[in-house]
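J.: Sequence:
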Amino acid sequence: MCSCNTPCPCTFAQAPTGNHCEVLWAYRINEGYYGETPMAGLKVVLLSSFTGNLWDGARLETGVFFDGAANVDQRRALVAIFTGQAGGWMAQFVPAKVSAVRGIAFADMAVEIDGSLERWSVTVGDKVDASGVALSGPTSDPTKRLQSFNPPGSEVGPTDGAVTWGKSVNGRWSGFGFDQNIPAGQASKHIPFDWHGPDAQ
1 MCSCNTPCPC TFAQAPTGNH CEVLWAYRIN EGYYGETPMA GLKVVLLSSF TGNLWDGARL
61 ETGVFFDGAA NVDQRRALVA IFTGQAGGWM AQFVPAKVSA VRGIAFADMA VEIDGSLERW
121 SVTVGDKVDA SGVALSGPTS DPTKRLQSFN PPGSEVGPTD GAVTWGKSVN GRWSGFGFDQ
181 NIPAGQASKH IPFDWHGPDA Q
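When we follow UniProt numbering, the leftmost residue of the sequence shown carries the number 1, and every step to the right adds one.
Bear in mind the hints are in silico, worked out from the structure with no lab data behind them.
Be careful, since some hints might not be right.
Said to hold, decoys possible - Computed spacing ranges between beta-carbons, pair by pair:
hint, residue 1, residue 2, range
1, T143, N170, 19 to 27 Å
2, P152, D129, 25 to 33 Å
3, T143, T37, 34 to 42 Å
4, S116, D56, 28 to 36 Å
5, D56, D129, 31 to 39 Å
6, P138, A80, 43 to 51 Å
7, Q85, G137, 41 to 49 Å
8, P183, K144, 23 to 31 Å
9, G197, T143, 32 to 40 Å
Cβ coordinates follow ideal geometry from the N, Cα and C atoms, glycine included.
Could you build all of it, start to finish, from the sequences and the hints given here?
T.: So this is what it looks like as structure tokens:
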């Protein structure tokens, strides 16, 4: 979810609305391992901002909330994955796109995604409360989702999955120097991700 008009310009590798973006990215790991460490069910939430086209030289500042439910090994794994130390997509994205990490914290959180992709929501304690719904309108079939493929600017990296377009219902977050209250109707989306490190079998 972000401050831009919907649909999200970044996904089309374009500059953000007004050339500046305040954004929340939420990740939920449905299945997977880091070595022998199971990662299913863990979540990560990033608060970020940037000015200019992220895919044409702009760099962002960010702060990261990691899932407080993670054990010691899982916490090490999450940090390694999302800082790029583990390789994979984040090893490309972080050095090229991140100018500063304002901080990290472990916190209780929930990332809920409706099975039909009709709605999604994110909460992190009293720091984040955000939700979105699938984009629809007077001429769309309410049982179908507005989706696109092969996105030019996917923040989760190259994907064969569908980008499901949505819009914000509410978007309040604070932390690491970020403080936003995004109105209803702004950009929101769902993109599946399938990440592998260089040593994945």
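J.: The structure should be examined with respect to each hint, and the outcome stated for every one.
T.: Structure-based check of all given hints:
no. : hint                    : result
1   : T143 x N170: 19 to 27 Å : holds (25 Å)
2   : P152 x D129: 25 to 33 Å : holds (31 Å)
3   : T143 x T37: 34 to 42 Å  : holds (39 Å)
4   : S116 x D56: 28 to 36 Å  : holds (35 Å)
5   : D56 x D129: 31 to 39 Å  : holds (32 Å)
6   : P138 x A80: 43 to 51 Å  : holds (47 Å)
7   : Q85 x G137: 41 to 49 Å  : holds (43 Å)
8   : P183 x K144: 23 to 31 Å : holds (26 Å)
9   : G197 x T143: 32 to 40 Å : holds (38 Å)
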